[in-house]
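**Student:** If you want the building blocks of each chain, they are given just below.
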Amino acid sequence: MSTQVFYFVATLSILFSLMVIFAKNPIHSVLYLILTFFTFTVHYVLLNAQFLAVVNFIVYMGAIMVLFLFVLMLLNLNKETEPAKSPLVKIAAAIAGGCLIVTLIGSFKAVSISNPLSLKNPGLGLVENLGKELFGPFLLPFELSSLLLLAAMVGAVILAKKDHTEEA
Amino acid sequence: MELLILLFLPLAGALISLFPGKQSARYGAFAVSILSLAWTVGLLLRFTPDATTQFAVDYDWISQMGIRFHAGIDGISMLLVLLTNLLVPLIIWSSFGRNIDRPAAFYALILFMQTGLLLVFTALDAFLFYIGWEAALIPIYFICAMWGGKDRVKVNMKFFVYTIGGSLFMLLGIIYLYLQNPERNFDIQAFYSLNLDRSQQSWVFWAFFIAFAIKMPVFPFHTWQPDTYTTAPTQGTMLLSGIMLKMGIYGVIRWLLPVVPGGFQDWTPTVIVLSIIGIVYASLIAFKQKDGKRLIAYSSIGHVGLIVAGIFALNTQGLQGAMVQMLSHGINVVGLFLVTDILYNRLQTNKLDEMGGIAKVAPKFAAVALIIVLGTVALPGTNGFVGEFLLLLGVYEYSLWAAVFAGLTIIFGAVYMLRMYQKVMLGQTNAATASFADIKGSEQAVLYIICLLVIVLGVYPKPILNLTEAPVQQLLEQVNQKLSLVK
Amino acid sequence: MNIIITISITAFLVLYAGLFKAKKALLPLTLVGLFVALGFVCASWSGNESHFGMMQTDNFALAFSGLCIAGTLLIFLLTQNYFSAKNDNKAEYYTLILFALAGMIMMVSYQNMSMLFIGVEIMSVSLYILAGIRKNDFASNEASLKYFLMGAFSTGFLLFGIALVYGATGSFDLDAIQQHLIDNKAVSPLFYPGVILMLIGLSFKIGAAPFHFWTPDVYEGSPTLITTFMSTVVKTAGFAAFLRLFSGAFAPLHDFWVAPLLIIVCLTLLVGNVTALFQKKFKRMLAYSSISHAGYMLFALVVLTKNSGGNVFIYAGAYTFASIIAFAVLILVKQKTGSDDFESYNGLARKNPLTAFTLTVAMLSLAGIPLTAGFIGKYLMFLNVMQEYQTILVAFAILNALVGFYYYFRVIVAMYFKDGQGVELNTPLQYKVVLVVSAVATIVIGIYPDVILQLI
Amino acid sequence: MINLVWLVPLLPLLGFLINGLGRNTLSKTAVGFAGSTVILASFLISLGIFFELGGSALKSHEVFLFDWISAGDLRIPLSFLVDPLSSVMLLIVTGVGFLIHLYSAGYMHEDAGFGKFFSYLNLFVFFMLLLVLGSNYIVMFIGWEGVGLCSYLLIGFWYTNTSYAAAAKKAFVMNRIGDLGFLLGVFLLFQTFGSLEFSKIFPMAASMVPGEQTLFLITLFLFIGACGKSAQLPLFTWLPDAMAGPTPVSALIHAATMVTAGIYMIARSSVLFDLAPLTQNIIAVVGLATALVAALIALTQTDIKKVLAYSTVSQLGYMFLGLGVGAYTGSFFHVITHAFFKALLFLGAGSVIHALHHEQDMRHMGGLKKKLPVTFMTMLVGTIAIAGLPPFSGFFSKDEILAHVYQHSKVMWALGVLGALLTAFYMFRMLYLTFYSSYRGTHHAEEHIHESPKSMTIPLIVLAILAAAGGIINFPAVFGGGEWLHHWLSPVVNTHELELDHSTEYMLMGISVVGVLVSIAIAYNKYVKGKHVPVPDAAERPALVKLSYHKFYLDEIYDALIRRPLDALSGFFYRVVDKKIIDGLINGLGWSTNEASKGLRLLQSGNVGFYIFMMVFGIIGLLLYTYLSI
Amino acid sequence: MENLTQQLQGVPLNHYIWLCAIIFTIGVVGVLTRRNAIVIFMSVELMLNAVNLLLTAFSVHSNDPSGQVFVFFIMALAAAEVAVGLSIIVMVYRNTKSIDINVLNRLKW
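Those protein sequences? They're chains A, B, C, D and E, same order as listed.
Take the first sequence: its letter number 19 is residue 19 in full-length UniProt numbering, and every next letter is one higher.
Take the second sequence: its letter number 325 is residue 325 in full-length UniProt numbering, and every next letter is one higher.
Take the third sequence: its letter number 332 is residue 332 in full-length UniProt numbering, and every next letter is one higher.
Take the fourth sequence: its letter number 553 is residue 553 in full-length UniProt numbering, and every next letter is one higher.
Take the fifth sequence: its letter number 105 is residue 105 in full-length UniProt numbering, and every next letter is one higher.
You may find that some hints are simply not true.
Stated by the list, open to error - Here are the in silico distance ranges between beta carbons for each label pair:
1. C:Ser339 - A:Ser86: 29 to 39 Å
2. B:Lys154 - D:His109: 54 to 64 Å
3. D:Ile458 - B:Leu452: 37 to 47 Å
4. B:Asn480 - D:Thr160: 54 to 64 Å
5. B:Tyr192 - D:Leu602: 47 to 57 Å
6. C:Glu388 - B:Lys351: 51 to 61 Å
The set of hints was computed from the structure by calculation and includes no laboratory data.
No experiment lies behind these values; they were computed from the predicted model shown.
C-beta atoms are modelled at their ideal positions from N, C-alpha and C, and glycine is treated no differently.
Could you build the full structure based on these sequences and the hints that come with them?
**Tutor:** Right, dumping it as structure tokens:
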């Protein structure tokens, strides 16, 4: 048993994420993405980051992905309308991706951290612990991220709103 | 303080002349330039012709970077200040009969440039020197590009980029010297006392020399010059050839020679060969030029080549010759360009083939033009001879063969200048030149003054020689002393 | 801290004012807010206050905050006559700019990478929106989407880098990271790709090659006012953020990241200058010029000295003032002629001497001609790298600067030396103020930079 | 009087200023009066100086005016040197000059540029006096170049004629070629002796070893200078062309004074030249060659002034020949006598031309003996003098030279005599063609022929007397003469005694006199008896005659060897090197940047996908660096 | 649950890094290959999630909660970005009736 769960879930993550980018129909992509996110939630659980697991589940799968779906439906894009990119581009992309992964992993080549993860503090990922961190040292960024959300809100409203007035 | 007034009087004049009405700009600018000339003469009277720097000013400027507003005048500077402040009024005056579009801007730019030039000639801080160097370039670019002739935009862009490219490399050299200087400042004395090794000197030499070589211009760096001289408005050409060109020569004497004598020495043969090629080459090209302005432009390259060769020969005669010749060349070339301007103004062409017989209808004009031409071909008794003689003597002391080839300028100069004179003035009049009006008014006044200078300086050049004698000697001693220290 | 609060509150007030249709109050309100913020900048000068270990309002931060606020102020002044009467989005416009400004204040003063991240994102998100705020304008849409897609993409790299750095050092705090680097001779190999990825992420934000591709398109497509904002204030803040990280926390690893940085610098200079040469549109040319200036500003990182921050500040200041002039004139010209081609500048100087003169000053400054602030900036940059005798780099930069003269002078040539239809721009008072103030600042810094150098 | 020497050149300068400034306002009489009077005054002062010098024990006086140029150890004062050599030369210049001024007042009376002409003449005299009086090589050089300038101005006096203007330019440029040599010599002198003062150089040089390389170079350079000014091979072609100027100019400049400057200079530097035997040989050969070539050319010329011009070149060749063999006094003697008779001949020719309304072609003259008696008589005197018949002046001076040549080399002497025979032939040919037979011009023109006015004939007469009696000043010892000039000059000029015995001298004289008489007889036979008239320009000529007629094609050769290659080079440099290569390189840089811009611009394709691709490549590259560097 | 996680703590950190790198790269490849703006955007989300997982793993490894807090911020950003991004896409779609990024090439050169 031991670590095999991780490898199984990891394989699933990779598989689903590949499906996301290879699915012809955008709707399918969304659905695979949801599956990918689900496997991520499992990873969080495995890492004992329960709070993140929950948030990931709610925010990503519950909110974000629904938003994606909604927009796709709204724009009526549930068809495989996307003209395939030329094979050249695909090959180039594959090579680029391959290179990227090779160099990326290659640059960790001397990673000495092959020691297994060990959970020193089982309560690390719990709400209590994170809450203390969040409202302690990270209070300022937390408060300021409200600006981010507000800006996004204002932006989403003005951009998505239908109007025909136009500035000079 | 006296120096500050000298430096900034034209600038103030430039600002003032921007504001009043269009016509008063002309007189205002002229008045200011005359005032500066008067002030210069005043300084000259109080000037003691020895090797010291006088009227020095030294203020904090950009203290964080070790930059000071440090300027002063010694004999060499005085000579060039005199040249500048003498020629600028003449140049302004020469434009009186011309219909100039946007006169306020025109005269303001000239005066602005004057301040830049004066800064160059008096700066004792390398940074200030550089600032002046560029401050003189900007206005002349505008003058040439705004009031120039055909292709002015393209030609002037080339000129501008070419020259500023050179000067940026000089800036690189200045920064290098600054960093080598333990006191971290740009003071000229500190630069003089630097003791770089040969290879450093060598490349600093080129960093500076390229800027100077382009400005003068020396042989392979000259191709901007004929085009620019040809397309620029005459006043612009006069400023360029009469004064601005001397910036390069002055730079060599003040900032190159004493700072990196080792590099100077190592590259002397190369530069002398280049300048002599320039003399022969430019003179030969001048032989067949059809355009008067272009012909003078090439002749100027040849003359400058001789000056450079004289300086690089590194002896008293060569340097003193260069001093005299700087002044003489400034006067002569301004005269020549004024002559072409008058021709162009009357005939609407610079083509020599379309002229002829003007001496018959405009004898006064022909006479003064002849005097200027003779000054240019260095006839003894004119200012050109004194300089050219000393320069050739200097070059001769460097090498017989160098002098033989450099001396060809005496022959070639006569060939192309007389050819030009013949084509323009002699022969029969044609339809265009038959109604050529003789000079009068400001044209006449300016040309007469120039002729007077040509002869007076040729007959009695002693004051000029005295002015620069002491600093030149000191320079040579300094260089020799420093050379003995270089590994 | 006070600064961010002031700006945020101003943003809220403006938003509400917009809600209550108090259009006339928007600009005064904003200006007052910004002036107050500027006042706080001055008040906390030399305070070097730490805010929860997340922000450090040291002089570096304050100076850049001040510059960003001042730049924004000038840009707000350019809103006169910019909006049509029927425009409903004016308040949102203002609010988003203010939000972005708040984000930038974080970027210039962060002490923790989370602040950097949030600051960057507040700014970016606001800008994505602002770029696309002309909803019916195809170019604006395109700019917005391009900016957004690429921005999000690059954010991924920035985050990946942050994650790796965190993995290597176990902290987001800059001091802690620096300490870690100093203490441990052998840094975790995770750190190196982390640094590189952060370099990539930040290079994107400042538009350095080869991550500059968004710049020209977005600058061209966005509303000119937003382009002004992006190319001046935003860029300045990006640099400050870059500098804070690399000349602070990552400084001990300078030898490692200087080589890729040099490549980036050279590419940026080359691409920016050479491509700008062939542009037909003034606006797009300015976009490329902003790329090339990013290259020059990165010089400060090539050789780290104690003056690096100050040097970038001067450069950024010079660049900001000059660009604001350029864009202000661009707005005026476009309003009159409807085009941002170089041709529309033909003969402009005859009827608009003041405008032409200030634009000339701006171009000279951008080109780096002495007696303008741009020269001092370039000089400082050259001086900076010459401390380690990077002669070849400087020579390369000089060659690029020469190319730069060509395109900067094109507009001068058009205005002064070409004959045009003699357009007379209607220059409102506020524009005149901006133009004159910026031009005077450019010249004053150019002639007497001591005023600023003594600050830092 | 010697202290007033500065007045000598100053007066003509004053005349120049008066005439120059007042050329439009002063009347012709006033101009002529002023112009001539100043020269006369100078002449009188010179005379005073001459006699004072004769009476004084000190034979060399320097009059310092002011320091002209000084740089380092170079110090060039503007000062005058009065010594036997310069005092004699002063007399010639001012004396002959005055006569020519006087003559010009009549000759140029109808010309519109009368005032200008006089001012130029005065200026010329000024410069010539500077040349003569200068106490160092540089002051001499001022005059040297100054006379060149005046020559330019006067040759091109009728500048509306393009070919005259071209001739003027040619003269100036050719002179300049020589001047460069002069200057180089001066530089070498300065380098060797550290001074340019005659009074410093010559004593120092006297102690040098003969035949030293430096001295050879110095003298060679100086000789090149002299070649230009004194129209020696290969730089003589300007002088015949210089006949474009008004005839008094030809007389003054191109016969009597300026062209002798080279001889004067070498005579002055005789100390140096004596120490450079190689140069002397070169001078002798060049002089002889010039004498012969010019004489051969003169044989077939049809323009009266051209004949005289070539005869001048030929005579100058003799003088150089003399200098080359060390006969400085002889050469200088010839300078003086030549000044008399050549001025006379030119003025006479001018009188003819004046009478014939500017007709110069001898083919259209003839039979003028009756119509122009004074001119004829004086010309006859001049012709005999130049032909070298005793007791006219030319005989003595030429024979002194030839005697020295004989001593030096017999072959050269033979060739020299040949030259003398040719001289006699072409001079009499000229005389016969002009004055004998009958008039060959139009009948209409014939009626207007009249003798010249007094102001022209008086100088002719005076000069004729001088030409006839001029030999007296150095009457040879062989005839019991005192050789006054020889003694007078000996303090300054290295004089070499003739070491021939009297019988040889008589023989030499005899040979040349007989030869001259024979050639005169041949000429008489051909042109007076045979009434031979040269064929028109276009007509066919025998090859040798053609060669002579076309001046050995020297102008054409120069054209092909120098002018055209230089012109071609000029065009090549301008169009190819300057425009294509150097400028092309620079423009090419700009062009390639522009092209690079065009290319690089395309990278910005507008396609987000492509952009991201590029970014990813950048990222991969940077990561690769990371991978490799850690 | 607790037991399970305890057992799974044996996975080496390396493998987390590799996993995240792979997912990240898949995201990059997605961005490269697709033309549909929404799918591209989803690929970006994939990249962000990879980072999230990596941060969490590091956080656990170094026993420091701040990493997880950072993940929280990233999620906040993701939400904001999605809101803005999707509205931009909607806006573009309104004008062009397409969300193919290749259509967006009017701004070039």
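**Student:** Now, for every hint given, state plainly whether the structure supports it.
**Tutor:** Hints and how they fare:
1. Between C:Ser339 and A:Ser86 the beta carbons are some 36 Å apart, a value that agrees with the proposed interval 29 to 39 Å.
2. Distance hint check: the CB atoms of B:Lys154 and D:His109 are about 58 Å apart, consistent with the given range 54 to 64 Å.
3. Taken as a hint, the range 37 to 47 Å holds for the pair D:Ile458 and B:Leu452, whose Cβ atoms sit roughly 40 Å apart.
4. The hinted window of 54 to 64 Å between B:Asn480 and D:Thr160 holds, with their beta carbons roughly 57 Å apart.
5. The hinted window of 47 to 57 Å between B:Tyr192 and D:Leu602 holds, with their beta carbons roughly 52 Å apart.
6. In this structure the supplied range 51 to 61 Å holds for C:Glu388 paired with B:Lys351, their Cβ-Cβ distance being about 56 Å.
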